Amino acid sequence: MTEIVRVQHVSKTFHDKKAVNDVSFSIKKGEVVAILGPNGAGKTTTISMMLGLMHPTNGDLKLFGLDPSDKKVREKIGTMLQEVSVMNGLKVKELLELIRNYYPNPLSLKELIQLTGLTETDLKTRAEKLSGGQKRRLSFALALSGNPDLIIFDEPTVGMDITSRNRFWKTINQLADQGKTIIFTTHYLQEADDVAERILLFHNGSIIADGTPAEIKARIAKQAVSFATDDPIYSLEKLNKHAVVTNIYQKNNRVIVQTEDTDAVLALLFEEKVGARQIQIENGKLDEAFEQLTNEQQEAM
Amino acid sequence: MKILRLQCKAEMLRVLRNPYFVFWSLLMPIVFYFIFTKVVNTGAPDKTEWQAHYLMSMTSFSVMGSSIMTLGIRMVQERQQGWATFMRLTPLSDTVYFFAQMMGQTVIHLFSIVVIFTAGAIINGVTLSFTQWIFSGLWILLASIPFLGLGTLIGLMRRVETAAGVSNVLYMAMAVAGGMWMPLEIMPKIMQNIGKWLPSYNFGNGAWEIVQGNAPEWRNILILIAYLVLFMLLSKYIRRKQEAV
Chain A
1 MTEIVRVQHV SKTFHDKKAV NDVSFSIKKG EVVAILGPNG AGKTTTISMM LGLMHPTNGD
61 LKLFGLDPSD KKVREKIGTM LQEVSVMNGL KVKELLELIR NYYPNPLSLK ELIQLTGLTE
121 TDLKTRAEKL SGGQKRRLSF ALALSGNPDL IIFDEPTVGM DITSRNRFWK TINQLADQGK
181 TIIFTTHYLQ EADDVAERIL LFHNGSIIAD GTPAEIKARI AKQAVSFATD DPIYSLEKLN
241 KHAVVTNIYQ KNNRVIVQTE DTDAVLALLF EEKVGARQIQ IENGKLDEAF EQLTNEQQEA
301 M
Chain B
302 MKILRLQCKA EMLRVLRNPY FVFWSLLMPI VFYFIFTKVV NTGAPDKTEW QAHYLMSMTS
362 FSVMGSSIMT LGIRMVQERQ QGWATFMRLT PLSDTVYFFA QMMGQTVIHL FSIVVIFTAG
422 AIINGVTLSF TQWIFSGLWI LLASIPFLGL GTLIGLMRRV ETAAGVSNVL YMAMAVAGGM
482 WMPLEIMPKI MQNIGKWLPS YNFGNGAWEI VQGNAPEWRN ILILIAYLVL FMLLSKYIRR
542 KQEAV
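In the order they appear, the protein sequences are chains A and B. Residue numbers for the first sequence follow my numbering, so the first one is 1 and each next one is one higher. Residue numbers for the second sequence follow my numbering, so the first one is 302 and each next one is one higher.
The set of hints was computed from the structure by calculation and includes no laboratory data. Check before you lean on any hint, since a few could be wrong.
[Claimed, not checked] Some chain B residues near chain A, calculated using beta-carbon distances under 7 angstroms:
#, residue
1, Met302
2, Leu305
3, Ala311
4, Met313
5, Arg315
6, Pro392
7, Gln543
[To be verified] Only pairs whose alpha carbons sit at most 30 angstroms apart, straight line, appear in this in silico BS3-like list of lysine-lysine:
#, chain 1, residue 1, chain 2, residue 2
8, A, Lys124, B, Lys339
9, B, Lys339, A, Lys71
10, A, Lys170, A, Lys91
Source: prediction; values computed, not measured. Ideal placement from N, C-alpha and C gives every residue a C-beta, glycine not left out.
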């Protein structure tokens, strides 16, 4: 598969403060990637460098194998940034027609309306008179107007209500099915988990995890089996001898067994006859993983 | 080429729909013209000469205003609202974008000139020879370029409020001190001496000379060119300082 984005050892320093610290990753055609992280993790700075709006202090970035500010790159990307950008004095339709003309193979106005849910009334309204939600829709339409191969969004759903958010992600899935490469930043874990095939987890300017949502969850082994028993001391001793158990402890009246293989632990419970009742299997949740990873990183510093 | 044409068209539409432009650059000069040639008796010795002179003053006043204010404030707005960033991310080249803005602005100036000249002809029956109409119009169009330079300089400011305030003060001060509201000759000597070095006076004077049947003075042209160079160098210097990220 073709490599669309290549970021190699990129750092960005603002007045002695390292906003991005030696970040490397590569994104292939058709991937849907979430850049996830708390505020100030370096997501927007990374996006800005990928778009050629900022120059890295060190390192090298390429989009489609070219410098991000190359005209050929500009023709293949569509962007929606955090600031809601509008051009005063033009009606939505006039603006879309104008921007479409910048690109060699633009989407038709009809397709744009279909994808973004702009209404007939929206089209006749002047850009400066649109509501926040309508402006977002317009920005989305502007981002798609050139029929881009690579779509980059910085915090796309901030300020959207639930209906428009659902609609937005539905459209993104549709675009992903067409083979478009999509990169978006978010600090909503749920969004990253639901939409992305791959998550780049940023913290303090570095990537601390890179993988599918499932891999990220699995990596930190938050899976556990818990049960109640009349003799917790006995079960602790018995189970702790087995290598499949990574950690075991008693919490309230329950014994918690942390493991990477819950099935094996279940079998053990009956083999060792620990008298387990009310057995529960707990799968790791992404937000727990997220919290744990970002906390670990803080403690390490 | 098609993009340039569309971009120019869009830029013109935007200016025409701007209520500030319509008020300050079309309505105000015409109202002033009406007041100072019809309502108030200025006691000018030669009435027809004064009517032609003041028509040139008001047209220059209008074009100077839209060069400084419309252009400058819009540039700040576009940057503040993130539009300028969006445009940088499109394949449209910066040169085409800038050129289209200037072209759009020039066409708008031409429009203002025609409207205000027509108003003068209707209100006072100002009669100039065909070449005088053409040359005074052309002069106002071309000699306004230094004010476009000043407009882009104001466009480098960070906040719309500052840009609006500064450009308003500059605009009014230059109009009054440059003899656009009342002739320089009736002002104190010291004001006259200062006024003659301002771009506004040299801008207006070219047109005043043309309606008198003369050519603009060399001095006017040289001073305007000097201001253009100054504004361009200044904006280049400031831009470089701002871009040091």
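Now for the hints, and whether the structure bears them out:
no., hint, verdict
1, Met302, "violated (12 angstroms)"
2, Leu305, "violated (10 angstroms)"
3, Ala311, "holds (5 angstroms)"
4, Met313, "violated (10 angstroms)"
5, Arg315, "holds (3 angstroms)"
6, Pro392, "holds (4 angstroms)"
7, Gln543, "violated (14 angstroms)"
8, A:Lys124 with B:Lys339, "violated (42 angstroms)"
9, B:Lys339 with A:Lys71, "violated (57 angstroms)"
10, A:Lys170 with A:Lys91, "holds (26 angstroms)"
Hints 1, 2, 4, 7, 8, 9 from the earlier list are contradicted by this structure; the remaining hints agree with it.
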